[in-house]
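Take the given structure of chain P and dock chain L to it, following the hints.
The primary structure of each chain is shown beneath.
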Amino acid sequence: MQILRQTNLEALDRARNIGADAVLELLEKKGLEGRGGAAYSTARKWKRCKNAPADERFVVCNADEGEPGTFKDKFIMKYNAETMIEGMLICAHVIGAKKCYIYLRGEYEYLRKRLMQQIDDVVARSKMDVSIEIVRGAGAYVCGERTALVQSIMGFRGNPQYSPPNITECGLWGKPTVVNNVETLTCAAQAVLFDDWNANLRLFSVSGNVSNPGVYELPLGVKMSTIIDIARPKRKLKALSFGCFGGIMPVDPNMEVTPETINMEECQHGAFSAILIDETNNVVDIALSIAKFYAYESCGKCTPCREGTIRILDYLKRVKSGEAEKKELETLRELALHVQATSLCGLGQSSGNHVITSLLHFPEDYEHYINKGKAGAGAPAETAKLAQAEGKALENAATPKKARKAAKKE
Amino acid sequence: MPDAMKDAKKKKSDKPLMNILWEVQERHGYISEHMLKQISLEQDIPIARLYGVVKFYSMFRTEPQGKHVIEICGSPSCVLNNGVELAEFLKNEIGVKMGGTSKDGLFSLYKTSCIGCCDEAPAMLVDHKAYTKLTEERIREIIARLKKQG
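Going line by line, the protein sequences match chains P and L.
Just add 1157 to wherever you are in the first sequence, counting from 1, and you've got the working numbering.
Just add 8 to wherever you are in the second sequence, counting from 1, and you've got the working numbering.
So that you can see chain L by itself, here it is in the shape it has in the complex:
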């Protein structure tokens, strides 16, 4: 058995690490260095290994995020249904480049692989909620609503 697997046996909590990391991210918006240190101590996992895990998964963030995290799908079904142009439109609408956060701290924008909404393409996730059958008009509406919410 590899050494790393023995490490896994030692862990203090029965909760899967993935769920712990999600909870931290949901509480703080992102997984900070401070939180990484704390999880490392609590779970008895070397911090280097922990950082490696966090960086592996694209949905874990190590930088502060905007209030609303938008992930727009870039897979073939969405591409076939005008997805590329809509992603450009969305970028201009909120004034952020892919992978960035807007200056007012309201939006973070990411491109993601398939989100399983191909039957209602093009689609995007806003704070884990799926918005489908997007058009320019619909995007404008959604963004306006989110801005109003603050």
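Looking at chain P on its own, in the form it has when it is part of the complex:
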């Protein structure tokens, strides 16, 4: 695996020899992009930070890998943390930072002790005047968002901030800050040293209803059938969810997996975490568990996400219990679209994806529950009336008190 290749401080030596500008040029030429999900050019990010006027700059390694179904950063920190630390040192050298942070999520506490030893060891051997400190997260998914992460390191609630100002110009304590993912920094060190470094290889976290889950390194454009062969599903596969935020799409063995083909299915690749779902599952159940996740993890700063994620969860619960009507699905879809369009940060903007994509690709799963509800509760006409009345009651009940008061006043 390319990601496990050790650089043994030779990458840092090379970076020091060729100078900061040449490193940026090299990374640009090799085409290194952020591996956290946004795929922003790493060289451009570093350059923006380097060129921002300031007396102090910071490097932050984002090890707050909270996306369900993603565990590649844990894999890297377990087996090749030295290279990641070296990547941080290279970044510090390029932008001129003296202080670096690793934001390690609270759930990975068991990795911390060893990581601290490795930091001490690598920094001592590098003889660089740079200190690296681990900041311990405490179970907030939203802190993986870079502006929220910066807030958390400064000791605030992890609420995302408006951008601009971009954190590459105004980040930690108002100073230019580079925030990069674990995988990106590891790749940066390897891209600097190895001439045969391949930008096309990605880490896929494969999990779900399969007998061979794990982290696999595969090139972009790999056939879906190859992933299925490796993962060895227990039964026939039905759907694939890219983490929680990517959306749920059907499994087509002939599909070539690239960001473009995934986009064509209205989904997003994110960090290539593939949760494979087999035919024994109803997609609504998975959408429900994802909706629960978003309702729980929403930070509450902006209204569309705070209220919308709860309303989406309500709707899905109604669908599952058989209370919902078919025409309500359109309302659900609209709600998801609104939450997506009007939320402040990436969490809110993606919190409707699972609903929109599952409604698009698997309407029969929704109908299954709706028909089941109707069949279970007596004559169809009566049930429809009942469901309508219930729907109204629920709509009234779920309207936030304040909004209702405001409406009355008007």
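Just so you know, not all the hints are guaranteed correct.
[What the hints assert, rightly or not] On the chain L side, residues computed to face chain P include the following (Cβ under 10 Å):
hint : residue
1    : Met26
2    : Met43
3    : Arg57
4    : Gly82
5    : Thr120
6    : Cys125
7    : Ala138
8    : Lys156
[Stated by the list, open to error] To be clear about the criterion: a stretch of chain P counts as covered by chain L if any three or more of its residues have a C-beta under 8 Å from a C-beta of chain L, and this derived list gives those stretches:
hint : region
9    : 1290 to 1301
10   : 1358 to 1365
11   : 1438 to 1445
12   : 1449 to 1457
It should be emphasised that the hints constitute simulated quantities derived from the structure, not laboratory data.
Since the structure is predicted, the reported quantities are computational estimates derived from the model, not experimental observations.
Idealized CB from N, CA, C, for every residue including glycine.
Frame of chain P; chain L shown alone:
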């Protein structure tokens, strides 16, 4: 620059607040009102802001906890691998509802978002240690061992 950010500049210690809060929680089991007041004085942070920070992060506790804190994962990969049923089983096994502490003060149980063990689902964290590939039998064993430890 917002006022709150100026506050952050004034702080007395260089240590990130998150790490300070973790240390307090590890020493006392939870972050009490008394400790909040003390941190507030030491770090020169208004107590209201400090309380807001503590309450934001789900792993910080403001109530006394059981001796062992169990967090069971509820994310899709675990759900797909029988996670919901196992969470129910665990609940009955130690006789606690989600978010509660058992009467003997031995266990606190929480449901958590993904803990990054999807390749070995279903999984749970007990006192920050990951237990994976859970089955009813395995849960029974783990709980028995923890009870024996006291």
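So, going through the hints one by one against the coordinates:
Below 10 Å, beta-carbon pairs count as interface contacts, and Met26/L has one with chain P at about 5 Å; its hint therefore holds. With a cut of 10 Å, the hint placing Met43/L at the interface with chain P is violated, because the nearest CB-to-CB distance is about 15 Å. The criterion of a C-beta within 10 Å of any C-beta in chain P is met by Arg57/L, whose closest approach is roughly 8 Å, and the hint holds. The interface hint given for Gly82/L is met, as the beta carbon of that residue sits about 7 Å from the closest beta carbon of chain P, less than 10 Å.
Restraint check, Thr120/L versus chain P: the minimum CB separation of about 7 Å is within 10 Å; hint holds. Given hint, Cys125/L at the interface with chain P, holds; its Cβ is 7 Å from that chain's nearest Cβ, closer than 10 Å. At about 6 Å, the closest approach between the beta carbon of Ala138/L and any beta carbon in chain P falls short of 10 Å, and the interface hint on this residue holds. Because the smallest distance between the Cβ of Lys156/L and any Cβ of chain P comes to about 22 Å, over 10 Å, the interface hint for this residue is violated.
Evaluation of the coverage hint for the region 1290 to 1301 of chain P: fulfilled, as 9 residues show C-beta separations to chain L shorter than 8 Å, against a requirement of three. Coverage of the region 1358 to 1365 of chain P by chain L holds [criterion: at least 3 residues with CB-CB distance below 8 Å; count 4]. A stretch counts as covered by a chain when three or more of its residues have a beta carbon under 8 Å from one of that chain; for the region 1438 to 1445 of chain P and chain L the count is 3, and the coverage holds. With 5 residues having a beta carbon nearer than 8 Å to a beta carbon of chain L, the region 1449 to 1457 of chain P meets the requirement of three or more and the stated coverage holds.
Violation of the numbered hints given earlier is confined to hints 2 and 8; the remaining hints are satisfied by the structure.
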